[in-house]
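Protein chains: 2
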Amino acid sequence: MPSYTAPVKDLQFVLHDVLNVSQSDIPGYAELEADFTAAVLDEAGKLTSQVLAPLNAVGDQEGCRFENGVVRTPTGFKDAFEQVKAGGWPGLDMPEEYGGQNMPYVLGTAVGELFSASNQAFTMYQGLTHGAASAILAHGTKAQKQQFLPKMVTCEWTGTMNLTEPHCGTDLGMMRTKAEPQDDGSYRVTGQKIFISSGEHDLADNIIHLVLAKIPGGPAGIKGVSLFIVPKFLINEDGSLGARNGAACGKIEEKMGIHGNSTCVMNYDGATGYLLGEAHKGMRAMFTMMNEARIGVGMQGLAQADAAYQNALAYAKDRLQGRDVTGTKNPDGPADPLIVHPDVRRALMDQKSFTEGARAFILWSATLIDAAHRGNDAAADGLVSLLTPVIKGFLTDQGYDMTVKAQQIYGGHGYIEEWGMSQFTRDARIAMIYEGANGVQALDLVGRKLAQDGGKHVMAFFEMVKTFLKENAGQDATLDATIFDPLKRASKDLQAAGMYFMQNGVKDPNNALSGSNDFMHMFGHVCLGLMWAKMALAAQKALSAGSGDATFHETKLATARYYMARQLPATALHLTRIESGAQTVMALDAEAF
Amino acid sequence: MPSYTAPVKDLQFVLHDVLNVSQSDIPGYAELEADFTAAVLDEAGKLTSQVLAPLNAVGDQEGCRFENGVVRTPTGFKDAFEQVKAGGWPGLDMPEEYGGQNMPYVLGTAVGELFSASNQAFTMYQGLTHGAASAILAHGTKAQKQQFLPKMVTCEWTGTMNLTEPHCGTDLGMMRTKAEPQDDGSYRVTGQKIFISSGEHDLADNIIHLVLAKIPGGPAGIKGVSLFIVPKFLINEDGSLGARNGAACGKIEEKMGIHGNSTCVMNYDGATGYLLGEAHKGMRAMFTMMNEARIGVGMQGLAQADAAYQNALAYAKDRLQGRDVTGTKNPDGPADPLIVHPDVRRALMDQKSFTEGARAFILWSATLIDAAHRGNDAAADGLVSLLTPVIKGFLTDQGYDMTVKAQQIYGGHGYIEEWGMSQFTRDARIAMIYEGANGVQALDLVGRKLAQDGGKHVMAFFEMVKTFLKENAGQDATLDATIFDPLKRASKDLQAAGMYFMQNGVKDPNNALSGSNDFMHMFGHVCLGLMWAKMALAAQKALSAGSGDATFHETKLATARYYMARQLPATALHLTRIESGAQTVMALDAEAF
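Each protein sequence line maps, in turn, to chains W and H.
If you're matching positions, the first sequence starts at 3 in our numbering and goes up one per residue.
If you're matching positions, the second sequence starts at 3 in our numbering and goes up one per residue.
Keep in mind that a hint or two might mislead.
[Unchecked claim] Pairs of lysine to any residue residues, derived as SDA-like cross-links and limited to a Cα-Cα distance of at most 25 Å, are as follows:
# : chain 1 : residue 1 : chain 2 : residue 2
1 : H       : LYS253    : W       : TRP421
2 : H       : LYS543    : W       : GLN585
3 : H       : LYS536    : W       : GLN585
4 : W       : LYS319    : H       : LYS543
5 : H       : LYS543    : W       : GLU593
No lab work stands behind these hints: they were computed from the structure.
Isolated chain W (complex conformation) (with noise of 0.2 Å):
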């Protein structure tokens, strides 16, 4: 069966030799010094590796069982969920005043990549409240947040999130379910939604649906949505629950994994339901929100990658099979570990370059969302918003494929699942889909984000590059020749591909869209090619100062140059392919498929 060991070492270097986030002046940032940082991550990686880590594989296996609208998490769930309760974990980074402890989305984030990667079917229960919670935040009634924050911050009552009906996903303007006012300010929401997860179970004494709906009369399409506070069981004056409310669970979903946890589909019948911000103003509501929740599905994507990389890792140097071409390395043993084939070191490096890379990706954007929402930094916001689908669509594609590379490494056991390594790939490739899939989130980048505010955001992006690599390159040769160079080289495939939009994409947007996959992909190696490169430098800055561990500063310095040597050049693909424009995509007639 799998392990999980908590990446403190690497958390900590990106939080403070990379970001160096107790020197930023991000209100709560002073705080996060190295010492507090490390203390959170090593609790948190005591109870993910300890905790959730062994039931990873026992909620793959048992699923969730549906029993007279009953839904029974697997065996070990519940006691789980009041130890992470009982640690105060789902409301680290909610505001003190409803009970939680108001630290900064950095860290949550950090801890969040832990949850995530020790067992994430039992994680989404609390990251759909958390989500769900912070809707509320948002766009809560005073009385609204007073009524449900201090019980979700904390758990007690879980949330979700309900988009989705079986004729409508992405195109939600379709959507059926009704929300009719009453009288007394309330509505009946009367519909279906698909796809709801954790929308059922024993974990909590309530669940506090967001239930998107349309309120007749409204406007037609998407305009007219609207969304609604649906608890399971209404709650009385005093705060207490009341009467069973008419949202129920018809079934769960058998799905290709995150078996542990419930994918529902809700059946609403005339159920009291709450308006959550304005009328007709639904979508916004569940947009103000989308970010972090899709940084958070972004974040799976490296979780997962990580999870498995770390046991394939292990096998690697544990499996004993062949030997190096260069000169036996086990001379005792009847062959050597796997780690010395070139082609197993060329897949793990893959991994090691992706997960390190994509998690300092996902720390640097947490930091933007809190400069945005902290300190009202509207180019950090304009900026985080504008890397959104990136961070969602290229790390979950990405650490899919890196889940199937780890695989790989256990050869035919990797098939079994016995062995665990396919539970990662199940698990890890539904963030391609969920929150948005990825096409959409590539539709998203090019259709949308990338002229919003008149393209000022990804200006302002390549000129963050170009001001990065003038302070940086240009003193040593080595790191220009194997860093900056390269860096640079992909960043210029990324600007050409933006201009071949621009003067391409007017006379038939579909020459932008028919590309929009590849830039996303080609805008993530930018990204994760800039981490690198700050990496590098930090690395290269304490091995001159002869401080730290220096085996694992060269490590990092080594990784840096394979991810650019050999991952970044996918840029030019990625070029390539946008450049040959919509022609050959778009030739067919859909009947001569």
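On the provided structure of chain W, position chain H as indicated by the hints.
Using the frame of chain W, we list chain H on its own:
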């Protein structure tokens, strides 16, 4: 639930318009006239789409059950197996003297695609039998052939291959299973084998296990391995079944996919075995059928990709979601079908251009096998030996990726087992692993096949591409620009990679081996590029002649242009990686990971 339609028209196009099989002077090919192959393929199409495809999901959901030493296959498998046997399909390309129909391997391969695509787990029962029978055909004594082949050619008895042991898969020299010679000329085989596909089941009266084992006192390592025939039931002199042999299934594995096929732990406890071929030459005996087996697995990559693509395409035409940005295509409906969206097109064209290209590649390779075996063509034998790891590794890696792309088109529904798209990816995953994991294929290609016979086979391949271009380029500016020039560039990239290996592999073999996976993939792309160039020519010729279905041929040309513009340029990225050498791949000590 997914459905499957046999791609008869496309197979016919490749067989007759591209490969012109009935014009070939390979013995037996004259029979392969278009009407005849169409009749065979239509018949196979009916059986596979109507009988095997509907059992695919059944097999996945029920799996095999192991009770008291007996393995029960899923509901319906037994009946379907009887229908397959009654149709004579297992013996299609087997010699007439043992009850087969003596058809060329290329026809068996075309039919095999339909079987694999409709139900891979089911088809493996006959596939393994075919492999075992081929080994007996090639290496058995006359008596062995007469004893086993008539029953195996009809699948009255099925076969298995036993290589892997718990501690060794790739590195079979560490094998522990032993075979002790007996006075009567037989051997007593003792040991444990794992991952034995079709090892035990209820579809046949007897199971003929081919088992690799070591005769005590023989050479150490891989040179001391011999191959044995170990029947489940011993066979009396009159041909009737005798006593149960000491070969028993210990358990069946829970796997990620191919649930309908029983993957067994096989325990041999002094089982009676008969030497097949020469003592200590077991690996050689195994390898003579490896080319066929590996091409068969490569075909599974194509087959699963095509089955998944067919369903993704149907869904993309049916599912209404969003609007075409260039103008509404379905004004009377609430939304346009998915297929209007450029990124959905891109994913569909990736799949279409891969499956059709791979189909041509597989069938062309099958003609090389026929030329080698039926025509004693040593050049064809050398070429197909070179291409075998490419077929196996490239087509299964890519085939898997294509099933993931097909699944993605379904959005959330792709993740729900009920919709069946997950099964294609889970089933396709095994083909990257078994019959030599793809890293081993890459190693075989770069470490062995490239330099085989002084490198003359790879030189012949380049010469063939050059000759093809010389004969066909320079006559049509559009074909040159969209088809032949891209092929020429890609072929040059491949040659440059080979040159890099020659120049840098001697001083450090890791410089070659670090690029082995990239080389295998770029070789695959060049092969598919060559196939697309041939198909484009054939289509162009038919259009010029005004013969056949013009839309079909125009679609071929458009798909060829897509492959050349969007897929083939991957060779440049692979070359960049290869030319970066071993340095970044091998930089870290194992402890530094």
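Hint by hint, here is what the structure shows:
no. : hint                   : in the structure
1   : LYS253(H) to TRP421(W) : holds (16 Å)
2   : LYS543(H) to GLN585(W) : holds (23 Å)
3   : LYS536(H) to GLN585(W) : holds (21 Å)
4   : LYS319(W) to LYS543(H) : violated (56 Å)
5   : LYS543(H) to GLU593(W) : holds (23 Å)
In summary, the one numbered hint that this structure violates is 4.
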